[in-house]
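Chains as they are written, first to last, in numbering that gives the first Met the number 0: chain A, 0 to 379; chain B, 0 to 327.
Just so you know, these hints were derived from the structure itself, not from any lab. Hints may be right or wrong, so weigh each one.
[Unchecked claim] Using 25 angstroms as the maximum straight-line C-alpha spacing, the simulated DMTMM-like pairs for lysine to aspartate or glutamate come out as follows:
#1 B:Lys44 x A:Glu82
#2 B:Lys44 x A:Asp343
#3 B:Lys44 x A:Asp30
#4 B:Lys20 x A:Asp30
[As the list claims (entries may be wrong)] Among the chain B residues that face chain A by a calculated CB cut under 8 angstroms, a handful are:
#5 Lys44
#6 Gly47
#7 Val51
#8 Ile52
#9 Glu56
#10 Asp59
#11 Gln77
#12 Glu80
#13 Ile81
#14 Arg84
#15 Gly86
#16 Arg204
#17 Arg205
#18 Arg243
#19 Ile245
#20 Gln249
Built from N, CA and C at the ideal position, the CB exists for glycine as well.
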Amino acid sequence: MRERLLANLVMIAQIPAPGGAEEQRVRFLLDRFVEAGISHAAADEVGNAVGRLQGKTGDRNILLVSHLDTIFPANLDHNVTVESDRVIGPGVGDNALGAAIVSMVPSVLEHLGIELDSNLILLGTTHSLGRGNHAGIRFFLDHIPEKVNCGICVEGMQLGRLNYFSIGTARGDITCDVRPEPSRSYGSESALVVINHIINRVLGISIPNRPYTVIRLGKMRAGVAYDVEPDHAELGVEIVSHDDEMIDQIHHQIEDIVSEMSARHAVEAHFYLFFKTQAGGIPFSHPLVKGVLDVMRSLQIEPDQGHSPSELSELIARGVPAVTLGISRGMRSRKQSPDFVLIDPILTGVAQLIGAILAIDEGACDEVEKPQPVDEGDLT
Amino acid sequence: MKSQQWLNERTFHHSNFWDIKWLVEEKQRQGLSISLCLPTLNEEKTIGQEIVILKAELADRYPLLDEIAVIDSGSSDQTCEIAARFGADVYIASEQLVEQGDHPGKGENLWKALYLLNGDIIVYVDTDIKNIHPRFVYGLVGPLIKDPEVHYVKAFYDRPLAFSGGLRPTGGGRVTEILVRPLFCLFYPELAAILQPLSGEYAGRRSILEQISYPVGYGVETAMLIDIYERLGLYAFAQTDLDRRIHRNQETIALGRMSFGVLRTFMSRLKREQLARFEQELPIIMRQYEVNDGNYRQLEYEIEEIERQPMIEVEAYRQKFYPEQQPV
């Protein structure tokens, strides 16, 4: 089983899948679902890979989801190296390993002789990262004709990760364009300089200690040459908070700053928000969390509880109790060292996932209140 | 016209054999066993993924392969440890058939694989492939399972070379186009239809592989083609398009030495078949030159294409595979 898991990991990782071009990975997952004997396996309208393993009673629907897209462009060398203790290659941990595990769950259950009472819905999502804005899972959850009782988001890293709270996130770009020369008025400046003014003003926004809130200025792009003042500049901004109102408030403040700077410096400046998730979660006392913690404890996995930027937020926002689990340990891409995941912890991660599915199958998600925004005090 | 007809009838695409389940059933019906030989020398970067994928897909999921073995030429890196960890049988070539001596080289490993492995069909796959996929095996054994008149299947590819900044759509095959194909056109015109005669992936029936001699070095692929052709003719061959193969690129200077070895093997066949006559023995020294700060230096490489006798002539082999034919 270990070799089959690794083979799936390598083959998925070797398929390039930048956001919006996940078709080959979708095809791979669907082939695996069919080979595992799943009768309902197809791509939906936005291209998600969907498989449905019918349970004995079918009383519940458990959703297992992993995103299929990666941050890496298709022209990057996606080939993978397997060493004695690790698998190395672009995106192996985020999220080829998660996708490989979702593709293998039916085979693992069969191998272990497990027949679930619940239906198991296996989902490989498209359009998840960046500007994809979780479009794949949003479409799926908004159009599935039956109720999803519980969800598990499967991420390649890190083993021990237990997320049941989704921090609110808003991402957007501030763009600044210098007006064409004939229509410039007095005071028009380089787009880069105006962006700099905007940065200074954004940094001056008052941030409270509670609820936890951060403004990140993550990326910037401007200019083509040393001797030409740029006509266009872009600034990538992320606002994260435990409180959706705080995100809205800061969003409006930044919009006001941008509008003011636009007028003051005679440029066209705008703030476009393209990604937004709501804050929320299930409490620590939720039986799903307790059940997963019991599984982790029995496998001697040290839980790392925190918030998650994964598809979890979409499930939580729709009232579906859910957690995010990691499968192995490893490292994401840094310039000097490529992505890798360790091999040995993978089977522990799979055991943890199967344990969590069994806990849900035995009722860990039944008859509890719908998830809702929680206070920070609950996030112990 | 015969080679054109052969090209049409015996050139496949790996997708012709996508139904691995059918291949397994047909293999079992014919009572065949299939062994995979992976010759290695310091291939720790690629051997792991080759074994993981081929074993998981073609031994565990679909039992097309009965045996996966690495035959190593004395790697100094982690090649053997990684291969063993992921479930391959690992043999050090120099430690096998010791009574036959040791002549390091890829051909030596392929030759000893005939003795070490048990399959009726032997699949040889190089271990420098970065984009390994099950098609590298099922695409080669497919024609052998499908047609009993096919005895040897050769791979061909669109061969991009990995280089910084991405992938180039074409490239490679320089020795083929500049040396081997022109030679085939001159002396074995029908073999010129084999699109990539030097590709490192091929599969053959034991019944023919045991009958031919194996050069231990660069000439092993060329020798196999010529020797099988002389015994069985063009229609013993098939070739399969395996799409893309990503591998390390070799410098032109290294290809020069490879060409020398291939040429020596070729010349020995010409001499054997009395297609050419040489007044004296051909030299075994290849000379190349380098310039460093205005100093010119001659480098000499001894490239002797030692040939291993047909395996069927080796006593230990006959005892293992044909014990009933041994004298009492």
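Verification of the hints:
1. In summary, the hint linking Lys44 of chain B to Glu82 of chain A is supported, as the alpha carbons are separated by about 7 angstroms, within the 25 angstroms threshold.
2. About 19 angstroms separates the Cα atoms of Lys44 of chain B and Asp343 of chain A, which keeps this hinted pair within 25 angstroms; it holds.
3. For the hint pairing Lys44 of chain B with Asp30 of chain A, the CA-to-CA distance comes to about 28 angstroms; that exceeds 25 angstroms, so the pair is violated.
4. For a cut-off of 25 angstroms, the pair hint linking Lys20 of chain B to Asp30 of chain A stands: about 14 angstroms separates their Cα positions.
5. Taking 8 angstroms as the C-beta contact cut-off toward chain A, the hint placing Lys44 of chain B at the interface holds, the least distance being around 5 angstroms.
6. The beta carbon of Gly47 of chain B comes within 3 angstroms of a beta carbon in chain A, closer than 8 angstroms, and the hint placing it at the interface holds.
7. Given hint, Val51 of chain B at the interface with chain A, holds; its Cβ is 5 angstroms from that chain's nearest Cβ, closer than 8 angstroms.
8. At about 5 angstroms, the closest approach between the beta carbon of Ile52 of chain B and any beta carbon in chain A falls short of 8 angstroms, and the interface hint on this residue holds.
9. A hinted interface residue such as Glu56 of chain B counts as satisfied when its beta carbon comes closer than 8 angstroms to some beta carbon of chain A; here the least separation is about 6 angstroms, so the hint holds.
10. The interface hint given for Asp59 of chain B holds, since its Cβ lies 6 angstroms from the closest Cβ of chain A, which is under the 8 angstroms cut-off.
11. Satisfaction of the interface hint for Gln77 of chain B is found here, the shortest Cβ-Cβ separation to chain A being roughly 6 angstroms, below the 8 angstroms cut-off.
12. Among the interface hints, the one on Glu80 of chain B holds; its C-beta lies about 6 angstroms from the nearest C-beta in chain A, closer than the 8 angstroms criterion.
13. A distance limit of 8 angstroms between C-beta atoms decides the matter here; for Ile81 of chain B the minimum to chain A is near 5 angstroms, and the interface restraint holds.
14. Interface hint status for Arg84 of chain B: upheld, as the beta-carbon distance to the closest one in chain A is roughly 5 angstroms, under 8 angstroms.
15. With its C-beta approaching chain A no nearer than about 6 angstroms, Gly86 of chain B sits inside the 8 angstroms limit, and its interface hint holds.
16. At a threshold of 8 angstroms, the smallest CB-CB gap from Arg204 of chain B to chain A is about 28 angstroms, leaving the interface hint violated.
17. Hint on Arg205 of chain B is violated. Least Cβ distance to chain A is approximately 27 angstroms, over the 8 angstroms limit.
18. The criterion of a C-beta within 8 angstroms of any C-beta in chain A is not met by Arg243 of chain B, whose closest approach is roughly 11 angstroms, and the hint is violated.
19. Checking Ile245 of chain B against chain A by beta carbon gives a least distance of about 6 angstroms; that is within 8 angstroms, so the hint holds.
20. The closest approach between the C-beta of Gln249 of chain B and any C-beta of chain A is roughly 18 angstroms, which is over the 8 angstroms cut-off, so the hint fails.
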